[in-house]
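Peer 1: Assemble the complex: chain A is given as a structure, and chain B must be docked to it using the hints.
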Amino acid sequence: MNIPLQRLIEGIIATMRADVIPHVSDSYARGQAVGVIDLLNNIAPRVEWAQAPLAGLVDSKRSLLAEIADAVPGIVMPAPPSEPHTADDLLALKARLDGAIGDAIAVIWPRRSEPGYDRAAALVAAHLHDEMAAEMKNTRKPLFAEIAKGGDRATT
Amino acid sequence: MSSTTVRRPTGDPVPFDPTDVEGIRAALTAFVRAQTGGPVEIGPFRRFTVGFSWITFGFRAKWTEGGREHERELILRAGPPTGIFGPYLAYPEFVTLRALEASTVPVPRVYWYSDDNSVLGAPFFVCDLVPGEAPVPWTHDGGPAFDDERRLLLGGQFVGALAALHDFAWEDTQVATIDGSRDVRRAAIDQVDSWMGNLARWSPDRVPLLELSAAWLRERAPVASRISVTHGDYRIGNFLEVDGKITAILDWELVRLGDPVEDLGWVCLQAWRGRSPYMCHFFEREELRDRYAALTGREVSLSDMAYWEAFGTFKLAIMHYGATDCFARRGFNDLRMAGMGAQIPRLLLQVESAMERAS
Chain A
1 MNIPLQRLIE GIIATMRADV IPHVSDSYAR GQAVGVIDLL NNIAPRVEWA
51 QAPLAGLVDS KRSLLAEIAD AVPGIVMPAP PSEPHTADDL LALKARLDGA
101 IGDAIAVIWP RRSEPGYDRA AALVAAHLHD EMAAEMKNTR KPLFAEIAKG
151 GDRATT
Chain B
1001 MSSTTVRRPT GDPVPFDPTD VEGIRAALTA FVRAQTGGPV EIGPFRRFTV
1051 GFSWITFGFR AKWTEGGREH ERELILRAGP PTGIFGPYLA YPEFVTLRAL
1101 EASTVPVPRV YWYSDDNSVL GAPFFVCDLV PGEAPVPWTH DGGPAFDDER
1151 RLLLGGQFVG ALAALHDFAW EDTQVATIDG SRDVRRAAID QVDSWMGNLA
1201 RWSPDRVPLL ELSAAWLRER APVASRISVT HGDYRIGNFL EVDGKITAIL
1251 DWELVRLGDP VEDLGWVCLQ AWRGRSPYMC HFFEREELRD RYAALTGREV
1301 SLSDMAYWEA FGTFKLAIMH YGATDCFARR GFNDLRMAGM GAQIPRLLLQ
1351 VESAMERAS
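Protein chains in written order, with the working numbering: chain A, 1 to 156; chain B, 1001 to 1359.
So here's chain A without its partners, still in its complex pose (with noise of 0.2 Å):
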């Protein structure tokens, strides 16, 4: 999920307040749903995306890069070091090692028939995929058939 978790709590309380509430006539059920927000906003001040996750990927960037070094000396400059605390830390230092992959593959995809870089693109590609299978695991199905049809068929 690319979205800030404090900017998606933001979002759901501006849409349950602009396009949801008003149109609940049912006077309880309209109080619950003014419950939701009020939940939301004490949630939001004491919560971040799981961390667990994110270091799990953080290293294995890390550890890519590496395999690239190997394979092809030179074509990558060694992370910096650092010490992330919190999920935006991961966050931003995920995001300079997804630069730093992307620029491998400039260099390794023209490439990718030589010694050394045959086994980087290999490399390249199995952490892609690896990557997105795992995210798929926290990833539910969509419910796009109930929404365009209003929600009329609620499941869980």
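Each hint should be verified, as a subset may be incorrect.
Stated by the list, open to error - Computed Cβ-Cβ distance ranges for the label pairs, DEER-style:
1) A/ALA50 <-> B/ASP1193: 32 to 40 Å
2) A/ALA50 <-> B/ASP1012: 27 to 35 Å
3) A/SER82 <-> B/PRO1044: 56 to 64 Å
4) B/GLY1011 <-> A/ALA55: 50 to 58 Å
5) B/ARG1072 <-> A/LEU143: 33 to 41 Å
Worth flagging that the hints you see were computed from the coordinates, not collected in a lab. Beta carbons: idealized from backbone N, C-alpha and C, even for Gly.
Peer 2: Same frame as chain A, but now just chain B:
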């Protein structure tokens, strides 16, 4: 009936507030009065929830133009500045729909448009309300959207309208002024570059898998057999039908000039068929190709379709970054946009699979 258009900004932009329905109605009434030079009545607005991008209102209008009275059910489509592909222009969609009125492609009749943000605060156009329902690709159980009879009935029209669009002689119409590629050797590469430019605007972070995909797409870019008007989002969900008849092809905001096979590849995306073996719930790839070739008299290779399917999946993934960005950074509070952001890993895996199939 004539229609007048405004292309140049004439005043300071006003903020666009889709919840200020009465304000939009008053501004539209004044605009149409200025365009027609006669009395105008615009009835109450009702907002449609269709579409992820432009905002749609329906209303009844009466106006007099050239001494003749008109009364019709109309649609206002406005492209919010914070929307997925914002900032928008109404001009390409308007002139394309206007030109296609002379073709067999079913399109709503268009009346007025403006890209002047001092009118409503957003580009907009007005067209006829066309009756019909829009079948969507997402079914409750992931299964077929149609029984076989409807599948063949609607599918034939679906491919027929696409063939008619691609055969449309655009060169001597205003469509020749819209964006796109006119060089058959550049059609694919221009699109890859354009969508990577969008990704750079919409994602503050680099996306290595899409950078790899762009390199793959540039390297394998086919030469187009011709340049046509391409819809850009031609699929189930973007047409209306009544009793087995397609009444209108909708959502032309991505229209451009380019390789027509791009639209065929887009039809084949995994996202538009769920678990159905049929592209857009209509036909298998081979039958889609054969029907299109029979209608246009032009052979299309499955390998070119597979390339454009991979490109389409890449483009759809980048659209998800656009949705994420308009929620995260542009203040567009439609939770469907945030929901699309959550699906990016699924899309990136589909990009990878589509490239493997096309390799």
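Peer 1: Indicate, hint by hint, whether the structure satisfies it.
Peer 2: Hints, one by one, checked against the model:
1. A/ALA50 <-> B/ASP1193: 32 to 40 Å: holds (36 Å)
2. A/ALA50 <-> B/ASP1012: 27 to 35 Å: violated (46 Å)
3. A/SER82 <-> B/PRO1044: 56 to 64 Å: Holds: the Cβ-Cβ distance is about 58 Å, inside 56 to 64 Å.
4. B/GLY1011 <-> A/ALA55: 50 to 58 Å: At roughly 53 Å between Cβ atoms, A/ALA55 and B/GLY1011 fall inside 50 to 58 Å, so the hint holds.
5. B/ARG1072 <-> A/LEU143: 33 to 41 Å: holds (36 Å)
Of the numbered hints listed earlier, the single one contradicted by the structure is hint 2.
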